[in-house]
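Enquirer: Note that the protein sequences, when read in sequence, are chains G and Y. Per my numbering: the first sequence = residues 3 to 417. Per my numbering: the second sequence = residues 3 to 417.
Be aware that a few hints might be false.
Note that the list lumps identical chains together, so a pair holds whenever it fits in one copy or between two copies.
[Said to hold, decoys possible] Each computed BS3-like pair below joins lysine-lysine, with the alpha-carbon atoms no more than 27 Å apart: (1) Lys233 x Lys182; (2) Lys171 x Lys326; (3) Lys274 x Lys171; (4) Lys125 x Lys159; (5) Lys236 x Lys326; (6) Lys326 x Lys90; (7) Lys367 x Lys159; (8) Lys143 x Lys110; (9) Lys321 x Lys274; (10) Lys146 x Lys52; (11) Lys182 x Lys344; (12) Lys106 x Lys233; (13) Lys270 x Lys236; (14) Lys243 x Lys146; (15) Lys90 x Lys271; (16) Lys106 x Lys326; (17) Lys321 x Lys344; (18) Lys75 x Lys274.
Simulated from the structure, these hints should not be mistaken for lab results.
There are 2 protein chains.
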Amino acid sequence: MNLEIITIGNELLIGQVVDTNSAWMGQQLNKEGFDIVRITSVQDTVDAIKASLDEALSRVDIVLMTGGLGPTKDDITKQTLADYFDSKLVFNQDVYDNVCTLLKGRVKNINELNRGQALVPDKCTVINNPVGTAPVMWFEKDGKVVVSMPGVPGEMKHAVNNEIIPRLKERYETQHIIHKTVLIFNIPEAVLAEQLSSWEETIPGYISLAYLPSPGKIRLRLTAKTLDDSKAHKDIENLVKSLYPIVGDNIFAEEDKPVHQLLGEMLKKEGKTIATAESCTGGYIGHLLTSIPGSSVYFRGGIIAYENEIKERLLGVCKNDLLKYGAVSQPVVEQMALGAKKVLGTDYSIATSGIAGPDGGSEEKPVGTVWIAIAGDFGVISQKYQFGKMRERNIHRSADTGMVMLFQQLTNSLR
Amino acid sequence: MNLEIITIGNELLIGQVVDTNSAWMGQQLNKEGFDIVRITSVQDTVDAIKASLDEALSRVDIVLMTGGLGPTKDDITKQTLADYFDSKLVFNQDVYDNVCTLLKGRVKNINELNRGQALVPDKCTVINNPVGTAPVMWFEKDGKVVVSMPGVPGEMKHAVNNEIIPRLKERYETQHIIHKTVLIFNIPEAVLAEQLSSWEETIPGYISLAYLPSPGKIRLRLTAKTLDDSKAHKDIENLVKSLYPIVGDNIFAEEDKPVHQLLGEMLKKEGKTIATAESCTGGYIGHLLTSIPGSSVYFRGGIIAYENEIKERLLGVCKNDLLKYGAVSQPVVEQMALGAKKVLGTDYSIATSGIAGPDGGSEEKPVGTVWIAIAGDFGVISQKYQFGKMRERNIHRSADTGMVMLFQQLTNSLR
């Protein structure tokens with residue numbers, strides 16, 4: 003079942019806001035067997051909204067829209083949809099009650115703009131939005147469905163999960179879509195593709211392959227559209243198995259989860275704890291680890307040692323080594339890892355020290371030079387990397403690589 | 003001058019990758035006077051790519067495309083564009099040399115797939131891509147321009163900044179677009195809009211207003227399209243000035259920059275230093291502060307004290323207070339802030355302790371309860387917040403709010 007997404011808002015087109023709604027919807031709907039065939043972002047104008055809707059409805063039966071439903075004058079989606087569906091705006095008591103409940107305690111009086119949110123087109127099904135003041139609207143015409151949702155991600159997600167997907171599944175038959183993603187590290191895309199060229203020939207026609215490269219990592223995705231789940235699962239399983247003799251050393255996981263989640267799940271399962279000692283990553287490893295609910299079971303804490311004196315005083319790095327080798331060096335990063343493990347009292351630790359850039363590089367240690375160490379019952383292991391010139395990318399790769407180093411070490415020791 | 007963006011890749015439509023390229027391009031091009039009127043994301047199929055190109059070219063004169071230029075079989079953009087422009091693929095020595103330079107030391111031999119990247123349509127201008135192996139291609143037909151760039155953000159950004167914008171500016175006359183964004187905190191959108199209703203009436207017709215709400219914050223954006231810069235700047239300046247008597251207490255800044263950047267710039271200017279003591283934010287404040295180049299001038303480091311024992315031992319929080327009031331309490335967060343300032347030897351500090359969720363809440367302290375403290379020459383100031391149920395949002399709002407608290411305190415004390 004094909005569908006399209008339309009996101010509305012000038013802020014998307016001038017780049018003041020990144021459209022994360024579409025990707026999230028794509029993920030959720032795809033899992034449920036719906037194919038998103040196009041995503042369109044348009045300006046807050048009557049013409050742009052109507053034209054994009056005309057075009058989408060000429061191609062598919064389901065259109066999901068987000069944005070432009072706020073109480074202010076620049077938001078015109080509701081009025082535009084009312085016109086589009088030959089409908090007029092009428093007062094809806096349920097929506098009004100919801101607005102009142104949500105604003106209780108936050109504002110003195112419900113004002114005209116808030117009251118205006120309770121006006122809805124008379125030719126749509128209004129769907130309850132308990133997490134926001136804008137209504138969710140479900141239109142039907144000539145057997146096709148158009149749903150308009152608020153652009154605020156939390157409100158859109160609540161509507162999609164609790165209302166839209168259940169209603170769509172009740173109405174439409176869907177094919178099964180099975181994805182399997184293998185994470186592969188430290189191999190350039192073209193090299194990997196060459197090594198896999200014979201393997202690619204063995205992929206059955208109903209399964210498609212995609213390479214999704216990002217810095218240091220390639221996600222290899224197999225997708226089957228099928229009515230026979232068990233055959234597809236089996237075929238995919240065999241394909242993945244046959245990857246190991248070819249590139250097994252570079253395979254990191256068979257799940258499309260970020261490394262901080264995989265590492266966290268492993269630590270939780272083994273009942274182990276972890277600490278961080280972060281210089282160039284500045285707290286990013288701590289942030290990623292704690293972005294996962296329940297991480298307090300394995301993450302005890304960390305020391306962000308940006309300044310050398312902090313490395314010395316809080317992590318016990320030897321002052322002479324700092325002077326002799328510099329902060330971005332093997333002795334220092336190893337002492338940082340051992341220090342964090344000891345000071346924070348954990349089973350494992352990850353430490354980073356590098357030159358994220360854009361300044362601070364030298365001929366000997368150019369921007370992108372990063373030392374990473376992990377410590378644990380296996381002792382301390384460290385490795386030097388040369389990432390590149392871009393600060394954000396260096397921070398991300400340093401964090402990911404530190405966690406990959408520990409994850410692989412633990413995977414090997416548990417084998 | 004209107005243009006459209008087309009981003010290509012199944013990964014965008016199934017949500018495995020968020021399209022951040024479009025927003026970035028929108029920002030850069032808009033600054034240069036180009037209006038992005040539509041963004042379209044399509045699948046890696048010949049039909050989808052050609053159809054989206056037909057449609058875009060029926061509306062505008064410039065189309066920028068990203069994605070689908072990798073060396074693997076699932077990437078078909080180059081061949082599709084060659085067909086579309088009645089062109090054939092020919093070997094290009096410059097592109098080949100660039101591929102060799104980039105892969106030197108990373109691979110043993112240049113393989114067939116890499117060699118294939120040097121095949122380019124004969125009816126396009128090939129633009130050098132010194133940061134990646136895929137070529138950038140500039141097509142012209144019937145006076146219209148289509149540019150195809152790699153989807154890897156670093157490569158696309160390099161091409162847009164160094165090649166595409168200069169070439170477009172040379173070719174097209176552009177209107178001036180002036181944006182001014184005012185950041186407003188802690189006021190619901192509808193309340194703000196009501197308070198500003200008379201003010202809105204005073205906005206000249208050639209200036210448009212938009213409300214961009216996000217949790218806890220509203221960005222108020224004024225946009226002028228003009229040929230008379232000085233008049234527009236003056237009109238906008240007066241409009242912003244006249245905001246202060248109405249909502250001055252809630253205005254946080256007149257620049258569309260994230261708070262960590264504004265805070266960092268202020269600390270740098272004043273020659274002051276900062277440290278963090280993070281519990282519920284888990285390193286996110288440290289990460290945000292250090293995401294800015296040159297932050298080592300003011301950021302010395304932080305302690306991520308996820309576990310209570312770490313709060314006690316490393317930050318000097320009193321054990322009795324932890325037992326008596328709990329970790330999420332005023333005495334504890336104030337001691338964390340004072341401890342971080344002392345232990346890390348800085349002028350200022352920010353501390354957070356809260357229940358990010360989804361678990362860990364109680365009737366007295368539900369999920370979303372967060373205590374935040376700032377410390378400095380003004381002593382210690384703390385505040386309790388009730389953010390909501392969503393973990394990610396709670397972490398982001400806690401980090402932002404802590405930095406806003408310090409920024410406002412410093413702004414006031416410097417007045």
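Enquirer: Pop the pair Lys182 and Lys344 into one bin, within, between, both or neither, using alpha-carbon distances up to 27 Å.
Expert: Answer is neither: 40 Å inside a copy and 50 Å across each miss the 27 Å cutoff.
Enquirer: Give the relationship of Lys274 and Lys171 under a CA distance limit of 27 Å: within one copy only, between copies only, both, or neither.
Expert: neither (42 Å within a copy, 58 Å between copies)
Enquirer: When no copy is specified for Lys171 and Lys326, does a C-alpha distance of 27 Å or less occur within a copy, between copies, both, or neither?
Expert: This pair counts as neither: shortest intra-copy Cα distance 66 Å, inter-copy 51 Å.
Enquirer: Under a CA distance limit of 27 Å, which applies to Lys125 and Lys159: within one copy, between copies, both, or neither?
Expert: within (24 Å within a copy, 45 Å between copies)
Enquirer: Is it within, between, both or neither when you check Lys326 against Lys90 at 27 Å Cα-Cα?
Expert: This pair counts as neither: shortest intra-copy Cα distance 77 Å, inter-copy 59 Å.
Enquirer: Given identical chains, is Lys367 near Lys159, meaning Cα to Cα at most 27 Å, within a copy, between copies, both, or neither?
Expert: Only across copies: Lys367 and Lys159 sit 25 Å apart there, 45 Å inside one copy, limit 27 Å.
Enquirer: If the cutoff is 27 Å on CA atoms, where do Lys106 and Lys326 land: within, between, both or neither? Let me know, please.
Expert: Classified as neither; 63 Å inside a copy, 32 Å across copies.
Enquirer: How would you label the pair Lys146, Lys52 (within, between, both, or neither) given a Cα cut-off of 27 Å?
Expert: both (15 Å within a copy, 25 Å between copies)
Enquirer: I want to check one pair: Lys75 and Lys274. Are their C-alpha atoms no more than 27 Å apart within a copy, between two copies, both, or neither?
Expert: neither (54 Å within a copy, 43 Å between copies)
Enquirer: Tell me, please, which holds for Lys106 and Lys233 at an alpha-carbon limit of 27 Å: within, between, both or neither?
Expert: neither (54 Å within a copy, 43 Å between copies)
Enquirer: Taking 27 Å as the upper bound on the Cα-Cα distance, should Lys243 and Lys146 be classified as within, between, both, or neither?
Expert: neither (43 Å within a copy, 49 Å between copies)
Enquirer: Given a CA cutoff of 27 Å, do Lys90 and Lys271 count as a within-copy pair, a between-copy pair, both, or neither?
Expert: Close neither inside one copy (57 Å) nor across copies (56 Å); limit 27 Å.
Violated hints for the displayed structure, listed by number in ascending order: 2, 3, 5, 6, 8, 11, 12, 13, 14, 15, 16 and 18.
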